[in-house]
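K.L.:
Take this note's numbering: the last position of the sequence shown gets the number 244, and nothing is skipped along the way.
Rather than coming from a laboratory, the hints here were simulated on the basis of the structure. Since the structure is predicted, the reported quantities are computational estimates derived from the model, not experimental observations. Incorrect hints may appear among the rest.
What the hints assert, rightly or not - Using C-beta positions, here's what the derived DEER-type ranges look like:
1) S142 / Q122: 29 to 35 Å
2) E179 / Q122: 27 to 33 Å
3) R104 / P175: 24 to 30 Å
4) R104 / L146: 17 to 23 Å
5) A145 / T87: 19 to 25 Å
6) H181 / V161: 17 to 23 Å
7) L91 / D206: 49 to 55 Å
8) V227 / R127: 28 to 34 Å
9) L215 / L91: 46 to 52 Å
10) A187 / V227: 20 to 26 Å
11) T100 / H173: 29 to 35 Å
12) N198 / T87: 45 to 51 Å
13) D206 / H181: 18 to 24 Å
No residue lacks a Cβ here, since even glycine has one placed at the ideal position from N, Cα and C.
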Amino acid sequence: MTIDELDARLISLLTAEPRLGVLECSRRLGVARGTVQARLDRLLARGVITGFGPDVSPVALGYDVTAFVTMEIRQVSGHDPVAHRLAHIPEVLEVHTITGGADLLCRVVARTNADLQRVIDQIVDVQGVLRTSSIIALDTPVPYRVLPLVADVPRRGGR
86 MTIDELDARL ISLLTAEPRL GVLECSRRLG VARGTVQARL DRLLARGVIT GFGPDVSPVA
146 LGYDVTAFVT MEIRQVSGHD PVAHRLAHIP EVLEVHTITG GADLLCRVVA RTNADLQRVI
206 DQIVDVQGVL RTSSIIALDT PVPYRVLPLV ADVPRRGGR
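Work the whole structure out from these sequences, hints included.
P.N.:
As structure tokens, this is what we get:
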């Protein structure tokens, strides 16, 4: 989907201040309230904006350890059944299919290193998982972000 400069400004504004209402967004962007509402509706319908939920810190919830776990899986029925089973483990935050020496990559959290062992044991017990390897993150100097991509859109002329 192509987004223009106004879409990019709206996304940036709502990323910085997600609790802003449509009227306040229209005031700050200098456009009509109806324009903002129509843009929001379109961005939501096309999946550009995927939600307005709060960003929750796992550390604030007591999950001080972040790790990345790669898995080799049995290729009989593909990635989806294994990913579906992994989604039932609360500490598994993301699952990605990947290329290279492994088949899946998970971002997981745990309360301690000992708790991480428990989480990895749960992952290993998932039907279809053959082998795992894990890496503990010591710090996250660049957290998940998309604003640089949004800011780049007007410069590239959309898309």
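K.L.:
If a hint holds in the structure, say so; if it doesn't, say that too.
P.N.:
Hints and how they fare:
1. S142 / Q122: 29 to 35 Å: holds (31 Å)
2. E179 / Q122: 27 to 33 Å: Since E179 and Q122 have Cβ atoms about 32 Å apart, the given range 27 to 33 Å holds.
3. R104 / P175: 24 to 30 Å: With Cβ atoms ~27 Å apart, the hint holds.
4. R104 / L146: 17 to 23 Å: holds (21 Å)
5. A145 / T87: 19 to 25 Å: At roughly 37 Å between Cβ atoms, T87 and A145 fall outside 19 to 25 Å, so the hint is violated.
6. H181 / V161: 17 to 23 Å: holds (20 Å)
7. L91 / D206: 49 to 55 Å: Taking Cβ atoms as reference, L91 and D206 lie about 50 Å apart, which means the hint holds.
8. V227 / R127: 28 to 34 Å: holds (30 Å)
9. L215 / L91: 46 to 52 Å: holds (49 Å)
10. A187 / V227: 20 to 26 Å: Given range 20 to 26 Å: holds, Cβ gap about 23 Å.
11. T100 / H173: 29 to 35 Å: Distance hint for T100, H173 holds at roughly 31 Å.
12. N198 / T87: 45 to 51 Å: Since N198 and T87 have Cβ atoms about 46 Å apart, the given range 45 to 51 Å holds.
13. D206 / H181: 18 to 24 Å: Given about 21 Å between the Cβ atoms, the range holds.
Consistency note: the structure conflicts with earlier hint 5 alone.
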